[in-house]
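Fit chains B and C to the supplied structure of chain A, relying on the hints for placement.
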Amino acid sequence: MSTTRRGTKIAALALSFAFIAAACGSDKAAAPSATTAKPVATTAAPAGTEAPADTTAATEAPADTTAATEAPADTSTADTATTGTEAPTGTAAMRITYDISDKAVWDDASPITADDFICAYNAIMNTVGSLSTTGYDQILKIAAGDSDKQVVVDFKTVYAPYRGLFGAGTLIKHDAVKNCNDVSGDFQTEFPFSNRPYKLQSWDTSQSVFVPNENYFGVDKAVTPKVVIVPKADQETEISALLAGEVDFIYPQFSPETADAVKGDPNIKVAITLGGDFEALYFQQQDGPFADPILRQAFAQSIDRDALFQQIYVPIFDGPLLNCGPIVPGKYCADAFKDTYDPAAAEKLLTDNGWAKNGDGFWAKDGTAPEIRWMINAGNSRRENTQAYLIPLLQAAGFNVVADNCEAECVFQKRLPSLDYDLGMYISTAPPDPQYLTSSFTCDQIPTAANEFAGQNSQGWCNKDASALLTKADATIDPDERAGYIKQAIDLMRKDWVLLPTFQFPKSGLYNSTKVGGPVEADLNNFEAFLNFNQWTDVDGDGQIVIGAEQWPGCLNPITECANSSWYVWTIAFPLVMGVYDTTNDGDYVLTPMMASEPVVEIL
Amino acid sequence: MTTVPALSIRDLNVTFKTLLGQVQAVRGVSLDVAPGEVLGVVGESGSGKSVSFLAVMGLLPKSARITGSAVVAETELIGASNKTMRKARGAKIAMIFQDPLSALNPVQRVGHQIVEMIQAHQSVSKADAMSRAVELLDIVGIPQPKDRARQYAHEFSGGMRQRVMIAMAIANDPLMLIADEPTTALDVTVQAQILEVLERIRRDLGTAVVLITHDLGVVARIADRVQVMYAGRIVERSEVVALFEHPTHPYTQGLMQSLPGPTRERLHPIPGAPPNMLRPPSGCAFAARCPHSIPACSLEIPELRPIRGSESACIRAEELQEVLS
Amino acid sequence: MFRFILRRVLWMIPTLLLLTFVVYCALRLATNPLASYARSNPRIAKQPEKMQQYIETNGLWDGFGGYVRGYFHWLRGFLTGNWQPSIKGSRPVWPNLKQALINTVRLGIVASMVAIPIGLAFGVFAALKPGKLRDSAVNTGALIGFSVQPFISAVLLQLTFAVLWSKWFGSPLLPTSGMYPPGHEGFDPVLMLKYMTLPIIVVSIQTIAAYSRYMRASLLDVLSSDYLRTAKSKGISDRRVLIRHALRNALVPIVTLAALDVGSIVGGLIITEAIFEYPGMGKFFLTASANGDFPELMPWMVIVTTSVIVFNLLADLSYAALDPRIRLD
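Residue numbers (this note's numbering), protein chains in the order written: chain A, 1 to 604; chain B, 1 to 325; chain C, 1 to 329.
Looking at chain A on its own, in the form it has when it is part of the complex (with noise of 0.2 Å):
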């Protein structure tokens, strides 16, 4: 008897071993779908290497991206800003004067005043785990002006970016926290506060639900008696539940695999157009071979950047070939790399430099053929298909290129900030404001040891020209003037050969016609994504409209970790809070009805 009792102890203690061993398991198996929260600075100026999951691949760089929107440490700026009673302590180079709208009020009809303005800047700047700084650490003193509907807010330096500051999702109403410099602690289990059409009725891990917010000033107000948000595991089940008419509308990454999966339904539309998500090939040049212009751009002329796209992108969505750079079209973009294949310039140089082909058919020169190191993370299924495709051309060519892989975890929070790698490929995110180059291009934001290795210029590339029109660029406060600047200095990465562009990534929304109607295709594109959806019509009426997440935010405070998610501020932040500008579908800014006017900007 006493052996059956061992026996059964045993296997109790290895049967929870077996579980802590298959929780551990899963864990390793579930973190790709899991991690895939799309990190977007959002409430600061947005920016950034980012990631899109894209359906095989979903892992990429999450968090080290937000660095990039990050100015280098300053914790000297951190202390606490009192609202305005002090006298400044430097010199302002630039004032924004805010003049709120006196119809603006919150949900609970309290006015919005300046008091909510200081509250953020406080918490955004003083709050343990604040996510960024970036802009507000410009600020040298923010205060209530001539009446409590007024802010003025001193720069210490000329900031062309302001239009990022006070966005969408940064107001915090001050009455409704506990503490304005250090909001860490709430924003636990609900958002307490909204001047937007829409506020949050009631949050937990299973939905949102949003009711209209009878205070809302505004001329477009919530349509449907109620919004709810739901969780959905991964694009197989969001598209079964938008399928059976669970959900109404669903925003997924979009895939030739997802377009496919609802042809059948005759009232499931598909809408796709192009956002700000793009790929491109990027060429490291600290060191190793490329460190080399003349073998860098040879290399760069080798690759038919047109034949690539025919090969690996049209059959994923029939769109154009990219040819801006390190952004999207738009008033940024001026085709810079148009042109860039040519194959026997490519050879000429080489040969004109001291290069030979050696006996195995590779570019050579002091008798060495340098090996060119391809990292991409394995796994991901288009850029291998990519690398299966470019390297037995480019060995044709005469260039020993080779795959480096490996896993996403490796490329991008390893590799890639180390610069170890030759040749790169990965999906970046460009959001409205250009002020992201200067974070990702500029020489002082190579990943040194003055940085804390934190800088985001993962191709080591630094041209002090290009430096400089960035940083005037990002003091340039007017736009087209600051657009020549920015166009100058993607002109200087296409002639140092930085990278190549190869194409827009397309967003998708895919909605229920007999269930939601209205605007639905309207704002796709938008950095804040489907914020319009207080104008959307209830077609089925059922009383709501039901939208599904691809992933879930796990807590609701907009200035700590919470916000590092796109789905984050998609779904709660953008939805609920006002700022002093909001994001078109075309990439610009457009003033809210917040605002009593266009902010006065003075340079002093």
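I should point out that these hints are in silico values taken from the structure, not numbers from a laboratory.
One should not assume that every hint holds.
[As the list claims (entries may be wrong)] FRET-style restraints, in silico, Cβ to Cβ: (1) 151/B to 204/A: 53 to 61 Å; (2) 79/C to 586/A: 38 to 46 Å; (3) 270/A to 143/C: 51 to 59 Å; (4) 273/B to 217/C: 46 to 54 Å; (5) 160/C to 270/A: 21 to 29 Å; (6) 270/A to 79/C: 50 to 58 Å; (7) 143/C to 122/B: 26 to 34 Å; (8) 330/A to 79/C: 56 to 64 Å; (9) 81/C to 315/A: 54 to 62 Å; (10) 296/B to 143/C: 53 to 61 Å.
We put the beta carbon where it would ideally sit given N, CA and C, even for glycine.
Structure of chains B and C alone, referenced to chain A:
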């Protein structure tokens, strides 16, 4: 003893369907057991001795085909309906088994198991059945029967368990008790006690007992008559004293010689092995191992016939008896 | 019996301590809470004194000695109710964990209550005619049931009862996922049951398969036992033989297995919950582990481990209660 026999079997045949073919386990067994008589049934493993009586009890698996007749107290058991069978089993004919530990339900109190037996056939209250069970335990010689009734099988010793089995078997005063190797698993001293219990039951209750065993010593102790089985048939049957004094069948003689005894210096095992019952031999099944076999033995199956007060199924029984005695 | 329970409960303490220590070390290594925190709070990560403060507050010292110290630091906090908040948004862990636990237990209990009896019935059905058509049918069914992984059956069921059903008949028969329809608030057992139907079926398929096999084997074992022959020889009805002797005895080992299984439910429905977007322990675990959220993972592990250990004890007790041959001492 011209009364109606307690058990009367006629031409009982049992075959098992197997993948290899029909195994003819019992081939034409007929016998009568008189009330109060102890009939010993002897044979080696596979001789069909247990199977015959399991067939009578209806306890063989469904793959068994049974023909013939077995009557207990005017009830035909072979081919009987479930209801008839149920009424007979436990009430008119009961059985005890070789290994009492596995034959008793391990998770029911022994008293309860006896009560179940009583209540299956008598409409008595549970309490009455229980006091009867205690009484029965007392009859079979279990001390402190009241306490013991509340115990489980594993709390008893081997001999005590077999007593419990016997108590259960006689709970409804059956005419016929079949004891299938009841002492095989027990120590020699305990064996004697169990046989004593059986003897007492036969004496006090008048229950007829069939004692199935491979142990001639056991038979010698309590049986009135003995029948010897070989390859599914009865080869010899006689009064117990007669059998031991002058066995008429060479197989019985072989068995005797393989018995240990005070006068015997060497044991003489019977050479060879029992026949394959898938295809039993056409004549005497023992012919192949028999030291006295003649060609005629293999011609046809010898019937059991009377020989000087015994019955034997050897065609040379008479001459052999003369030779041997 | 009482002394046995007391001793086992007392033994659970060192067992749990040892297990949680192992889990603590494994989780520290696997999630690297300091790095997770730094990743989640990039600005703090650049301030060594703040990081040091975080290390001290949360006991994240390095080295074996540091782990041991850290473990007891964690244990003190855990036992006194001072649980570390989630690294994401500093939320308290318990409210969500409690809700997840309730949801999972609800799903697990209902699924077990449905699936185990069905599995047992199939097992009995098969064992009564071993080798016959019904036996092979049940065996084959069980084999298929075993092999169908939850993620396959779940997707097939979603497709059939929601997607295709809504295509054929206009509206889905059963919802694909969630615990309530979107927008529903409050408690509604009927709706909840409807939403739990598919997850229950998915969990049930393998449970039914398992228990039909268990029961078949156990019952065949009993049916071929000597005491069942004895029971038949008593002249009691076949029904009584089957129920009082065969089933009763065949259930003894199964009750024990069931107790072990139920104990493992708490942490064992990860895949099903993930696919059906069911807010239970599995989802909680996936989210927490994706975030490397040590303060959430540790209590989860403690609950799962404790549940396994407690149900182990219950399994032993049930075994002893049902089988008098087992003595607890």
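Violated constraints from the hint list, given by number and in increasing order: Numbers 2, 3, 4, 7, in rising order.
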